[in-house]
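Chemist: Sequence:
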Amino acid sequence: MSNSKNKNISYEQHNNKFNFRVAGIVMDAGRVLLHTTEKDDFWNLPGGRVELNETTEAAIVREMLEELGVHVEAQRLAYVSEDFFEYDGLKYHEVGFYYVITLPEAHKLYSEVEFNGLEDNGKLIFRWFSLDELEQMEVYPVFLRKELTNLLDAIEIKHFILE
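Start counting at 1 in the sequence shown, then tack on 280, and there's your number in my numbering.
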């Protein structure tokens with residue numbers, strides 16, 4: 281993947297980093313799929329960086345194929361966020377597009393509780409969580425803790441600015 285890393289819409293300047301990210305919201309029977317890494321103590325939605333000359337919808341489909349080996353279908357854009365936070369000694373400015381996506385019907389991942397992703401030698405850990413659990417968890421961006429419980433009733437794209 282050395283090629284695609286050069287095309288990511290992400291750059292660093294001093295101790296600042298801009299990141300253009302997409303994430304997928306996979307829901308099933310009152311659960312949502314989240315991921316973390318071995319070194320992190322928080323969870324977030326699976327996804328990755330948008331590449332130059334790539335639509336955000338194409339990016340989430342590509343990212344899920346790279347991370348899970350599954351061709352997902354993007355249903356709709358649910359959220360756009362502008363997030364400002366610190367991570368790994370860098371001050372991030374992240375623009376995120378959050379899509380409702382679906383795995384193929386009856387896919388085996390729906391029955392897995394926890395599993396490792398394909399990228400980075402399996403260092404991404406995926407797990408299903410009930411929506412009720414989110415309120416007590418470290419989930420980022422923070423708006424997801426409440427918003428995901430109302431997602432199915434939402435009819436418009438919501439925009440969040442998190443400072």
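What the hints contain is simulated information worked out from the structure, not anything from laboratory work.
It is possible that some hints are incorrect.
[Said to hold, decoys possible] With a straight-line Cα cutoff of 27 Å, these simulated DSS-like cross-link-like pairs (lysine-lysine) come out:
1. Lys287 to Lys388
2. Lys438 to Lys319
3. Lys371 to Lys438
4. Lys388 to Lys371
5. Lys297 to Lys388
6. Lys297 to Lys319
7. Lys319 to Lys371
8. Lys287 to Lys426
Chemist: So, for every hint listed, does it hold in this structure?
Modeler: Taking the hints in turn, this is what the structure says about them:
1. Between lysine 287 and lysine 388, the direct Cα distance comes to roughly 32 Å. Violation of the 27 Å bound is thereby established for this hinted pair.
2. Of the pairs offered as hints, the one joining lysine 438 and lysine 319 is violated, with about 31 Å between alpha carbons and a cut-off of 27 Å exceeded.
3. Between lysine 371 and lysine 438, the direct Cα distance comes to roughly 24 Å. Compliance with the 27 Å bound is thereby established for this hinted pair.
4. The hinted pair formed by lysine 388 and lysine 371 fails the criterion: a straight-line CA distance of about 38 Å is larger than 27 Å.
5. The straight-line distance between the Cα atoms of lysine 297 and lysine 388 is roughly 36 Å, outside the 27 Å bound, and the hint therefore fails.
6. A hinted pair counts as satisfied when its Cα atoms are at most 27 Å apart, and lysine 297 with lysine 319 qualifies at roughly 20 Å.
7. For the proposed pair lysine 319 and lysine 371, the alpha carbon gap of about 19 Å is at most 27 Å, so the pair holds.
8. With a CA separation close to 33 Å, the supplied pair lysine 287 and lysine 426 exceeds the 27 Å bound.
The structure does not agree with the numbered hints 1, 2, 4, 5, 8 stated previously, though it agrees with the rest.
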